[in-house]
Each structure stands twice: as structure tokens, then as C-alpha cells.
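Visitor: Sequence:
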Amino acid sequence: MDREAVREVFLPRREDCLEYLRKIRWKEGVKCPYCGSLKIWADGYTRKGARKYECRECGRYFNDLTGTIFDRHHFPIEEMFYILKEMEAKSTLQISRELGRDYESVLRFVREVHERASGYARGISLEGVVEVDEVYVHAGKKGERRAGRGRRRGLRKRGRGTWEGDKPPVLTLVKREEPKVRFCVMKNLRGVKRKLKEWIGGEVVLNTDEYGIYRGIAEEIEKVKEHRVVSHRQGEWARGEAHVNGCENRNGFLRAFLRKYRGVSKTYLQGYLDFLSLLLNERGGWLAFLLSDHLRT
Numbered sequence: 001m002d003r004e005a006v007r008e009v010f011l012p013r014r015e016d017c018l019e020y021l022r023k024i025r026w027k028e029g030v031k032c033p034y035c036g037s038l039k040i041w042a043d044g045y046t047r048k049g050a051r052k053y054e055c056r057e058c059g060r061y062f063n064d065l066t067g068t069i070f071d072r073h074h075f076p077i078e079e080m081f082y083i084l085k086e087m088e089a090k091s092t093l094q095i096s097r098e099l100g101r102d103y104e105s106v107l108r109f110v111r112e113v114h115e116r117a118s119g120y121a122r123g124i125s126l127e128g129v130v131e132v133d134e135v136y137v138h139a140g141k142k143g144e145r146r147a148g149r150g151r152r153r154g155l156r157k158r159g160r161g162t163w164e165g166d167k168p169p170v171l172t173l174v175k176r177e178e179p180k181v182r183f184c185v186m187k188n189l190r191g192v193k194r195k196l197k198e199w200i201g202g203e204v205v206l207n208t209d210e211y212g213i214y215r216g217i218a219e220e221i222e223k224v225k226e227h228r229v230v231s232h233r234q235g236e237w238a239r240g241e242a243h244v245n246g247c248e249n250r251n252g253f254l255r256a257f258l259r260k261y262r263g264v265s266k267t268y269l270q271g272y273l274d275f276l277s278l279l280l281n282e283r284g285g286w287l288a289f290l291l292s293d294h295l296r297t
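Take 1 as the starting number for the sequence shown in this note's numbering and just add one per residue.
Since the hints were made in silico from the structure, they are not lab data. Ideal Cβ placement from N, Cα and C applies to all residues, glycine included. Check each hint, because a few of them may be wrong.
[What the hints assert, rightly or not] The calculated label-pair distances, taken between Cβ atoms and stated as ranges, are:
#1 Asp71 / Glu241: 40 to 50 Å
#2 Trp237 / Arg160: 33 to 43 Å
#3 Gly123 / Asn249: 20 to 30 Å
#4 Arg108 / Trp237: 18 to 28 Å
#5 Gly29 / Glu164: 52 to 62 Å
#6 Thr267 / Arg160: 37 to 47 Å
#7 Asp16 / Gly240: 47 to 57 Å
#8 Glu241 / Gly165: 42 to 52 Å
#9 Thr46 / Gly285: 22 to 32 Å
#10 Gly29 / Gly212: 55 to 65 Å
[Said to hold, decoys possible] In silico DSS-like pairs for lysine-lysine, Cα to Cα no more than 30 Å straight-line:
#11 Lys39 / Lys175
#12 Lys223 / Lys260
#13 Lys31 / Lys85
#14 Lys175 / Lys187
#15 Lys90 / Lys180
Construct all of the structure, not just a fragment, from the sequences and the given hints.
Guide: Now the structure itself:
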């Protein structure tokens, strides 16, 4: 897409972006991000158009962007809103080209968004009826170069893969009642029971396929009150309430989401999947979440 068209037609107005940020962030009144006081003086505007404030309690200065994902980045706020919106459907390289911006600069902003999404994903605790399934993703060392050779790409092997073989396993965990999904990149699957024990917050009814890594899990993890197993090898996809169809559904979203990047580094794969988790779990509200929660102070 022509970058001038992006700037003239598709970029939001700066004033609208700032007004939306204020509405989300200060919905209970302007509050000092350092001491929490509501005794605030308005004190002009920054060069980016953000309002400046002075706290009457602690005497510190801040503005609308202080502590948010927009803080400490040189892009105009309308461009950062554009990046957030387009991250759902476009690669970082494509967005940087559309904006006419340095790829590494855009990537740094994207990675900060991923960090916020990772904080969200780590807060998902498993309880109730839970499905667990594994999927294998082609992910090598994209972006890393070795002397005299191009970057390493994930191998195109069929079937189950390994971290070392550039096809790391990903656990897909779905809470049926809410429903919410969490994706977890694994170095190997030998430690799956130990990881599940960490993630389970309450009593669960666990649904898996017949893969041997889940065998005996109800005996080893006290909070697993029932373990339902479906045998895909025998063509069994559901038996009453025993199935992992929710995981299969989310795995479809995962594959489609990663396809647009034409390769993702396995080093940063978890961040991409945490962002996808946020998109799927907070449909229509993920942007507000990024703006209002986990503010850096």
C-alpha cells in the first residue's frame, strides 16, 4: 500500500487518539501514576499533544502517555494506534513499510505490546473443565545470521517436532466455561505434567487425547479430579463431553495468525502467541486492556 495513502486516508486523527486514551485511562479521574493521588493540576501540553499534569501530593510531573505503551517511543501517537490496529492482520515488516518507518523501531514497539500481552496470559489460571492439546509450529531462528550463510529457517518436516529441530511444540489450553485460551511454547513435552501443576489454580476436569505424556496425570496432580481421554488414532473425536475440539479450533486460529509473518523466530514465538491469546479472549476489548492495564510506572 502507498505510504502517502496510509498517512492521508488511514491514520486516525491525533486528537481522537489522545481523547480515546484519556477516556480509557482517566475514567475515574486523572490519577498520579507515582503516588495514586487525585489532587492534580493540569499544566499545558507536550509536543505530541498529550496533556501535562503536576501532582499536588508528591510534586512529580507526568502526562497522558506516562507509563503507557506509548511512552518512550518517538512515533506520533496516531502511528502507534495504527500499528496496534494492524498487528491483528499484518506483519511488522508490512506495517513498517506502510508507515515508511525503520523496521527495528516498529519491532521494538511490537515487542513491548507482546510483553504486555504476556503479562495478561500469565494471569490465566486453569480451573473447571479444561482442554489440553499440542500443536507443532515451524519456527527457526528468523533474523539471526551466520557468517557466509542466510538466516536459518524452520525445517519443513511432517508430524511431531522438537525445539532443536526448529519445530517447537506448543501446548494449547482452553477453559471451556469462560472460554479462554492460553498458548505455551515448550522446549520439550517431558515436563508437561510439572507445567500443568503450576498453571492449575483450582479443581479441573481435564480433557486430552491419548498421547502418552498425559498418562497418569490424575494420579500425579491432586487438583485433576477427572481425566477424560479421546483416541484420535481410532477415529474418536468426541465421546459425550470428552473432546479437545476447543483446542482444535484455537489451533486453527494460531496457524492462520502465524502464516502472515512468513516465519517467526522461536525465541520470540511466545510473545506472538500471547498477543493472539489476548485477541481471542478479549474480542472487542483487547485495545482497551492494553491501554488501561499493566501500566508501567
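Visitor: Range first: 52 to 62 Å. Now tell me if the beta carbons of glycine 29 and glutamate 164 are that far apart.
Guide: holds (53 Å)
Visitor: Between the beta carbons of aspartate 16 and glycine 240, is the distance compatible with 47 to 57 Å?
Guide: Holds, since aspartate 16 and glycine 240 (Cβ atoms, about 51 Å apart) stay within the stated range.
Visitor: Verify the proposed pairing of lysine 31 with lysine 85, using a straight-line Cα cut of 30 Å.
Guide: holds (27 Å)
Visitor: Holds or violated: lysine 175 with lysine 187, Cα cutoff 30 Å?
Guide: holds (23 Å)
Visitor: Has the hinted range 22 to 32 Å been met by the Cβ atoms of threonine 46 and glycine 285?
Guide: At 28 Å between Cβs, range holds.
Visitor: What's the verdict on lysine 90 and lysine 180, does the C-alpha distance respect the 30 Å limit or exceed it?
Guide: holds (24 Å)
Visitor: Is 55 to 65 Å a correct range for the gap between the Cβ atoms of glycine 29 and glycine 212?
Guide: holds (56 Å)
Visitor: Taken at face value, is the distance from the CA of lysine 260 to the CA of lysine 223 at most 30 Å?
Guide: Status violated; Cα separation ~39 Å.
Visitor: Determine whether the Cβ-Cβ distance between aspartate 71 and glutamate 241 falls within the hinted range of 40 to 50 Å.
Guide: Given range 40 to 50 Å: holds, Cβ gap about 47 Å.
Visitor: Could you check the hint for me, namely that threonine 267 and arginine 160 are 37 to 47 Å apart, CB to CB?
Guide: Violated, since threonine 267 and arginine 160 (Cβ atoms, about 21 Å apart) do not stay within the stated range.
Visitor: Falls inside 42 to 52 Å, the C-beta gap from glutamate 241 to glycine 165?
Guide: violated (35 Å)
Visitor: Evaluate the given range 33 to 43 Å for the C-beta pair formed by tryptophan 237 and arginine 160.
Guide: violated (19 Å)
In this structure, the hints that do not hold are numbers 2, 4, 6, 8, 11 and 12, in rising order.
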